[in-house]
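For the record, the sequence lines run as chains A, B, C and D. Position 26 of the first sequence, counting from 1, maps to 26 under the numbering used here, and the rest follow consecutively. Position 536 of the second sequence, counting from 1, maps to 536 under the numbering used here, and the rest follow consecutively. Position 264 of the third sequence, counting from 1, maps to 264 under the numbering used here, and the rest follow consecutively. Position 209 of the fourth sequence, counting from 1, maps to 209 under the numbering used here, and the rest follow consecutively.
In short, the hints are calculated from the structure, not lab data. None of these values were measured; they are calculated from a predicted model. Careful: at least some of the hints might be erroneous.
In silico DSS-like pairs for lysine-lysine, Cα to Cα no more than 30 angstroms straight-line [to be verified]: (1) K305/D <-> K82/B; (2) K613/B <-> K459/B; (3) K170/B <-> K330/D; (4) K170/B <-> K400/D; (5) K204/C <-> K379/C; (6) K379/C <-> K125/D; (7) K400/D <-> K29/B.
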Amino acid sequence: MTVGLTHFLVVSTLLFSMGLYAIITRKNAILVLMGIELILNSANINFVAFSRFGNFGYSGHLVALFVIVLAAAEAAIALAIVLNIYKNMSTVNVDEIDNLRD
Amino acid sequence: MYESTLINLSLFILLLPLLGFVVTLLLGKKVKSVFIFENLIIILTFFSSVYLLYSKLANFRTTKISSELEWFGFNNFITGTKLSINLGFMIDNITAIMLFVVALISMLVHLYSIEYMKGDERYNRYFAYLGIFTFSMNGIVLTNNILMMYIFWELVGLSSYLLIGFWFEKKTAADAGKKAFIVNRIGDIGMFAGILILFLTYQTFSFDKIFSSISSGVLPFNSDFWLTVTGILLFCGAIGKSAQFPLHVWLPDAMEGPTPVSALIHAATMVAAGVYLVVRIFGLLTADAMLFIGVIGMISAFIPATIALTQNDIKKVLAYSTVSQLGYMIMALGVGAYQFAFFHLVTHAFFKAALFLGSGSVIHAMHHEQDIRKMGGLRNKMPLTYWTFVISSLAISGIPLTSGFLSKDGIIASSMAFANLTGHYLFPIFSLVVALLTAFYMFRLIILTFHGEPRDIHKFEHAHESPFLMVMPLVLLAGLSIFIWYTPNPLNSEQGWILSKWIEKPTVFTPERSRFDFMKSSSDEENNIKQSYLDAEVYKEAMHSAHYPAMILSELMAILGILFAFIVYQWKKINADSIADKIKPLYNFSLNKWYFDEIYNKTFVAFTIGLSKVLAWFDAKIIDGMVNGSAFLTKHFSFFIGNFDKYVIDGIVNFTAYFNGFIGLLVRRIQTGKVQSYLALVIFSLVILLFIFK
Amino acid sequence: MNINNFLSDIDLIYPEIILVSTLIVILLYDLIFTKNKRLLPFFSLSGIFIATLFTILNFGKNEFAFGYGSNNYLLSIDDFSNFFKLIILISSFIIIHFSILSNEIKICIDRHGEYYTLLFGMMAGMFFLVSANDLIVIYVSIEILSLSSYVLAGFVKTSLRNSEASLKYVIYGGVSSGIMIFGMSLIYGMTGSTNLAEINSILKVTALSDITFLTSILMVLAGIGFKISIVPFHFWTPDVYEGAPIPITAYLSVASKAAGFAVLIRFIKIMFLSGITNNEYWVLFPIIDWRSLLVIFSIITMTLGNLSALWQDNLKRMLAYSSIAHAGYILLGLAVLSNQGLTAVLIYFIIYLFMNLGAFLVLMLIANEINSEDIDDYKGLGYSLPFLSAMLSIFLISLVGLPPTAGFIAKLYLFIALVDAKMIVVAVIALLNTVLSLYYYIRVLKNLYLSKPNERYIKIKNTSLSYPLVFILGTPVFVFGLYFTPITDLAKYSLKILGI
Amino acid sequence: MINFPILSLITFLPIIGMMIILFIPKRQSLFIKSFTIIITAIQLALAIFLLSNYNFSLAGINDIKSFQFVEKFRWIEIDGFAWLGKIKIDYLLGVDGLSVPMILLTTIITFIASISSWTIDKSIKGYFLMFLLLDTGMIGVFVALDFFLFYIFWELMLLPMYFLIGIWGGPRREYAAIKFFLYTLLGSVLILLVMIGLYFSSMETLADGTRVFTFNMLELMNPTNYTQNGILSPLNPANLRLIAFIGLFIGFAIKIPMFPFHTWLPDAHVEAPTAISVILAGVLLKMGTYGILRISYPIFPDITKDLLWWIALFGAINIIYGALTAMAQKDFKKLIAYSSVSHMGYVMLGMAALNTLGISGAILQMFNHGTITAMLFLLVGVIYDRAHLRDIEGFGGLGKQMPIYTGFTTVAFFAAIGLPGLSGFISEALVFLGGFGNNSIRIIAIVSTLGILLGAGYMLWTLQRVFLGNLPEKWNQLTDVDTREYIMFIPLVLIIIFLGVYPSPMLNLMNSSVNAIVDVVEKSGLFLKSIGSL
């Protein structure tokens, strides 16, 4: 059995779904952020897989690199924000932070 | 003497009282004696009208003088035509006589009122109102077109309103004024509709132009039927103004006004305007319309006569007798007795004014007591009042040597002639019955008031003959109720100058096919279309044969009535109360005026008020509720203003609630503040979108 | 790639370079002069000023920049992008003044360097975003923009609502951009390119209309929709707008929304345009019923925005919903899918810039004094603060869209476009929405003037900067309402989008 | 001949006054009041001056050459839109026999309202600023000949009115103000939509021969200007002219106010301060009917002709429904408000007649109703100032206590119920003559005559309840009319009587234009139908 595009796509879709699931169900902000990382990485897998199997050159790889960099930056900022929240509210449970609402 | 002189003179007569009104009204507060000015004005008006009458009869007896000027107009540049709405005068003998009558009675009432109204806090305003009345009445009389007549028609309505409600502190007076105006308006709507039809058809309001168009065959909507309708609609105005059945209910109430006003407006002149209107439009009445008019007149003559039998208010009796007599005139017009109708108008104006002023004199003497059951025996205390009252009562009963005999007998004779010619025998029968009733209730009134023993000694003690200014008009008017002014032969009015020379014979312009047979012009008369049906052989013959029977029968009736009154009230051979008891239902029916007011109040008035309340509720709750209540707006109003909730509740409740709930759900529930539920919603809606657009 | 080309392309991005340089200058200045922060606004304003000059100079050039491969370019420096850059610059210019005036920002004086740096970060992100011609550039610049704004939304670290806003923003934003990049990956997979123009030429040849492609497009739209806060991607907006410092809220509601719209328009027009009809309607690839999609988005957006705004007691939150509703109106202009609709969008943005910033400015000035954004606390302010209240009324009336304010002109052009496209029903719905919106705007006016004044007397202490600024924002609202030739000219001039 | 821009002057004079008042300190309230009165007086003088230079024989309506005092210059001009060609909007003012009576009415009413405003004692400066702004809006509506300009002025009135009711009004002022605002805005968005639709349906040929879309009303009236595919062009088989007409009509009808869109009126009237009620009833309501005559009729003649019956029907409903509802009211002001609903019904009926008499009657009724209702509201204001009560049942016998006041009221009431000799009669009679003259609405006209009766009913009933009968103790301190009130009433009474006795000048003033309206609707109606059926 050769590993083909389909396999990569299945993996990435699974990752994407798991990411979404994590984002929606996890209470802890850190875990939600991890869900976001999962989504970004599923996109990365897609880019690379398409690039490789579609003979599109290396552009997909490039994109993946960009995404990785930005994901890192985003994670840094997000963690800082979560830290600040923890300092202010003594909790990082996303569903408890709902003071701003209708 | 030129025609234009007469026109100018009539303009002068018209505007003079207006000047009096304006000056008296504006200065009334400041200058206490301004009423003298008004009186001088009216005297001047009277003499001008005498002069006008004289000039007209002396110089232009057979000519009809008319003149008009454009009031406003509409140019149509596209068709190049111009539509003018004109104001104008038309002076024929009828006008001149009527003007004289109005001015005379108006003057007498003015003078009379100087005494009668003395001490009233709005003394000057009273005279001002009399002034505007005289002005408007003159307008009705002088006009040559129906629109102008309608205008002044409304203005007399106004002055009537103002004068009936003159003592507006009294609720009954205020009510009566309102009632008079509104009931009159009902008739006026009909009249206005008639005017609309006329204008639509003929593009003019002028009587003469309308008549000439009719005679040249132009009919409303090209049908005789609509001509009939037009005539009846115009007649509706007369029904209102002349208090004919079924709109007669306002006139008795109008007696709340000062008595001189009742004499002037609600007996002699304004109420006769309806008759005058029918006289003016006589030329366009078809046979059907005339029949309708006759029937209305007949009913109006009969019903009030029965009511007058039992009334105890001196003025109410006179009021019902006025309605009854007006019914006579209207009926006379309906049966084609054009000249007698107008003649009766004139004679009635004099003797009825005398009666009212006489009753005013009594009321004045009795310190505003109007109930005849509390009077009696005044004959000696007030001889002049008494005798003038008697003469006038004789006149109204149609006893020979009086003017009333001349006119009334003529009407009865004409109705007989009409019955013979057309077979409508109800007219003479009813007119005879009414003659009987009239004689009875008038003498009942005289006997109860002047004869016998005083029933209220206290008031009787203070009673006294009225001062000169009040008695003088009585004497004058009673004098005018004598035959000699109208005809040399007391038994045959037709030979008198007023009928043979002064009152023009009517011309009928309606198509031949829609006239009564006797009004059709016979073939040999084709050359002479101007000849009136009154001069037609067939009609002359009928009149001739009816003359004596009518005279005999009517005299019989009158004397019977008087006799019966004496039997019951003077000699007390029959106890009035026991008769009343025996026929209790009929008595009550009469006493309660056939329950007209009650019926109207329970039906039309109640309906209108009820409808208005329902609509007001509908407006406030439903319309408003609905428009606001694209529901949640309503809710939001309530959000702003707490008390608006009641509208929500009263309005369209369910929808509002549902919609509010929906919006609340949408807005409140979605924005939970929880970021994860937001994201879940985003993903959910993405899936939905995918399904929609796939 | 030719180095000469590269160098000549540099010429085209001077404004961006200026912005980034200013960023660096501010950063350095902040590091070096730790005590004196007063010059920071000055640097910022001069940077913006110079960038504006270069942007204006770029008008009319209409060139692609940074090509790669066969005729693919990363950026297109066209008048359309210049227009949006101008919008961003003007709003940034005003926002700097906001920041000077804002009490919230003032109290964190030691972190001002950070503040202005991040502001320029946002600007830079937006600048690239509006000229982005490639999915990668779109993604990267959105991220630059977002990352800066996440921090700015929570700038006052001690403030609970700042922190909450920024947390929500970052999570929501992260997920949105994640979904977007996943969608982009799918597009890349199906077309083999990330360049908008190239994808367009591929779509011309191969008709892609399967559900995967549709999904990917919707995913990208979700990412962009997050930026411009259209329903159903708007949920963050009220919370973040309410939580963030007012200058940032104002900035997000104008500049970042403008940038988002710019990229949305470019995304749709460049990627999917197959032709233009005689009367300049766009014919798009029938992958999806574009007009219905956009109309549904916009109608739901404006209706929900307006309906929700009705319930708000906090003026800031109300303005957040109002900005959602306005996003709906603007999107309607795009939904017409014609140059005419596009003109309406551009005109709307010019006017929206002034009226919305004006409303936020007055809100901020009043909040500075009474420490409240609650509409009920505005009762009777019309009598103690006549000038500010009058101006606030004008801004709000303009937001409703009543003549003779400029808001009317914005709506007018929008409806002109709609009627011309025979989208009458949509126009009626939009108009009814306008009526609806009157309701909550007028509520503010009601509290200002109609309600009984509160006892306390409020006075703005220092008006030397704030009042002229309010006046400067108010003037265009009036002038453009009565004489709108300049803005329509500008909008007309800025229609040029480089692409196929 | 006038060689200065009198229309602009008359329109923007209040704005100038507003600018000046803006710089007057609040404390100078006396100066602000008198200054406003002076401004409105100058405006009135200008209007009379305009009238004296007006050429009665020119018709206007759809021909720019026969408009007078025309001011025209290019306001907005934008070249180079590929799909639109050139966008241009003109600043176009002009008057004809339709607008001059309205300008006259507006200036008179505003002048009297400014005198009536003397009693305002709360934030005087703000009041008069709003007052003057409102003034400009009103005049502007009547002089604008460009739809766009018209719309701007139309909307300009909303906000000042909102504040005038909302700040200086009665207890439920906020509710009334917002209701007014919402209703009118709802109406105006409909107008806006139709305006835009028309813009795309008609093209004007400029002097240089280019064809451009236009907001110019007169060009919109020209049936040869329609484009092939315009959404409201009869050439387009799928045109929406009927719907557009209805939309436009509702937009105007809300202002009239026509049943069932009238419910804002009673609330607005009851809550508004006297002067504002006066303006509202005297001028604002007329804008609805003016708009219909100025815009709906000549631009949609084909639809107009088809829907005349409906317009008449709603007119009749207004007449009767308004009268009946008025009858049940207990609040004096509300009663007058509903009577306005009834009386505006006559205007609609007259318009629906579409003949010289009917339309003359309608315009005259607009003017007359303006003066009569203004007077009625002033009268209610006078009694409310003194007694702080508007409940009809709470009064009685005032005729004794306040005879002169009663006199004025009687004149106004009788004018309102169409007593001959007072102005209301002429217009009502003309309306009926016109209505009856039109075959299709004849029955409706006849039914509407019931309104005359009902009008007399509720007016006299009110007169009786308030002025007749016995005077309750508590009202024996009420004073009669004072000098300031004399100044307000006497001109109105004189106008009412003058036009009742001699309406000719006013009718001549509008005669040519009325002919032109009828002609335009007839001719272009036929033309449009013929090209529509091709």
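Sort out whether K379/C lies within 30 angstroms of K204/C, counting only the CA atoms.
Not OK: K204/C and K379/C at ~60 angstroms, beyond 30 angstroms, violated.
Notebook entry, point to check: If you draw a straight line from the CA of K379/C to the CA of K125/D, is it 30 angstroms or shorter?
Noted result: holds, 19 angstroms
* K305/D paired with K82/B [C-alpha distance capped at 30 angstroms] -> Cα-Cα ~24 angstroms, so holds.
Pair hint outcome, K400/D versus K29/B [Cα-Cα no greater than 30 angstroms]
holds, 13 angstroms
Straight-line Cα separation of K170/B and K330/D no greater than 30 angstroms? Within the cut-off at roughly 22 angstroms; holds.
Review point. Is the Cα-Cα distance between K613/B and K459/B 30 angstroms or less?
Key: violated, 47 angstroms
*CA of K170/B to CA of K400/D, is that 30 angstroms or under?*
Satisfied, since the Cα-Cα distance of roughly 12 angstroms is no more than 30 angstroms.
The structure fails hints 2 and 5 (numbered hints given earlier, in ascending order).
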